[in-house]
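Now for the letters of each chain:
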Amino acid sequence: MLAFLGSFGDILANGPLYQSTFRLAAILVFAAAGEWVAERAGTINISVEAMLLGGHFATAIAYTQTSNFAFSLAVGALAGVFVSSFQAYLSHYLNADQFGIGLTLNILLLGLVAFLEPNFDLSTKLAGEVKVPLLYDIPILGPAMFGQRWPMYLVYAVVPLSWWLLMRTKWGLEVRAVGEDPQAADVTGIHVNARRRHAILYTGFIAGLGGGVYLLGQVGRFESGNIGGKGIIAIAAVIFGGWTLRGAVAGCILFGYVDALRLNLPNIVGHDFNAQLLAALPFLATIVVMLIFAKHTRQPVSLARPFLRGLK
Amino acid sequence: MSSTSSVKRDRIELIGLYVVSIVLAFVIAAILVNTSGGSWSKAVEAMMNGAFKNPGRWGETLRRAAPLLIVAAGSAVAAKAGIINIGQEGQVLVGATGAAFIMTKIQPGSPLMLILGIILGMLAGAAWAGIAALLYYWRRVPVVLSTLLLVYLSSQMTGYTMTRKSLLLEIVKGSPNRIQNSAKTAVNSRLGIMHIFGNNVPLTVPVAIIVAVGVAYMLAHSVWGFRLKMLGLNPRTAQRAGVSHVRFGTMALLTSGAAAGLAGSLMLATGESNYRVSSGFSASVGWDGLLVALVARNNPYASIPVALAFASLHTGSNFLAAAGVESVLVDVIRGLLVLALFIPPAVSELRKKRRVLDLMTERA
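Chains A and B, in that order, are what the protein sequence lines are. Per the working numbering, residue 571 is the first one in the first sequence, and the count goes up by one each step. Per the working numbering, residue 18 is the first one in the second sequence, and the count goes up by one each step.
If you're looking for bench data, these hints aren't it; they were derived computationally from the structure. You can take every hint at face value.
Now the stretches of chain B that chain A is said to cover, found in silico as 3 or more residues with beta-carbon under 8 angstroms:
#1 170-177
#2 342-349
#3 363-373
Since we're looking at a predicted model, the values are computed, not measured. Note that the Cβ used here is the ideal one computed from N, Cα and C, for glycine as well.
Using the sequences provided together with the hints, build the complete structure.
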């Protein structure tokens, strides 16, 4: 028992664990900060997975060609927008089934990346580390939150950006109205499907950027399996957070922590776990967490309901 | 203008749209092949050989098509009830794993074990989908999300059963296990294979057709099917008419999972991946089957040709490498094709609505 408590203490005081939590949570935060906006507008975008992958891949290509970090990240963000435009226009202009489109985009992009990858001689590098003065010296959390490679700090920009856009602009008010009561919004002259499309394109921008940041700020080398399911977990985080940004970010940190445990637990405890069970941990934890918390939230009333004028 | 002529025009327009978008999907794929240093004409030839022309290949295509059709029929049941189950890939895998418990553990197997194995496979698939139902009706977790999460979980969980000898890992004497898969199923618990014109056609093919026709019939002509449709079209009205959302929704989800489990256990019984289960056993059958249902707009009859088309893409892809093209090209084609098939009905609906609006403004 004492040994168990001791190793529990090791886990809590483990610096590298928090650093990897931050890194793994960051990509989830990018995806969730975008997805949150789209869901408040009334769409569940399962293609956020494809947007992350699109950004990840495009950033890798752009960096291989130009060796310019900022430019590559911009290309990644644009690739995310490109992928999301399919979701936006097919599901909110043509009114095709949003889940069918999302799933197809996920499968299509995975295939496309696997097909195209051998044609590019991809070589990428990690961006440089930047230690934020003063803040870095906070014990345990300091190195985790302020001792990262510089693209990771973009995460501190996208969260307020999403919040400000949705909660403090006219556009954001309209987007929220569209997600709650599209008929009423329509009557007041808001173009419902256009707002939903914008929200999805914004998701694509943020998720594409996140895919790029994950490449240049954390993994360093492109692999098509890098994203595997992170978009889906980000959607779970949005639901976990009860469609509030605060809650979604908290969910991302929680899921990031579990993911970090998966990577670091054998080192900390000094005991080998079954590889499959460890790999299953983030998904299992997500399901369990949903089981506990999902009930106590209020979702946007028109979530996942398509809007057609004259149809209720 | 008479209404018959406008119906006819709509239909012609729809067919035209389908032709244009399918051709466009293939043109994009051809451009991809050529720009990546391949030749599209060679790729087409290789795929035709792989899917039909070479000896024994159309039997392989049918072998692939059968589970797709079963999965698609199951997805249609859930979709009719307005429930979006997209976790078939996991349900297929869990179903096959469940079947493997009986088919490999009880040696020497008897034909009874085959039936028991298939039943356990169906139960396992249904149970896996049932988790999503539980999460939704008890804790309001969207089914889309939970079924997807369960797909990721399923491959790890089945992978785990292949690492424990007490579970499914094959016991090989005198050598450590490197490849993690189950033992071969007992000979007696395998399903027959018909030999037709030099092709091996597994018995899953007639089973799949029976399942598809049965589901179509039940949906169209039974009280059960009517209730499911009522639930899908308007849950509130259904509730008022005594169709419990919880009961029928759960049932639809379980049926859909059981169909996927059936597909998985039949694949195992007819010799998919040499009668062994591993964590990659489902080989996209679940995803493909779901896409078949989506493209066929949840009509089991329409699923039959679509399943054949998707299966021939898959079997054709096995010959692509010889033509110097990566076989993952098929994933791209399939994705493009599905997107292409989504567009025409949507465009046609939009135009129809526009015409009605125009008519209304003219009258006003």
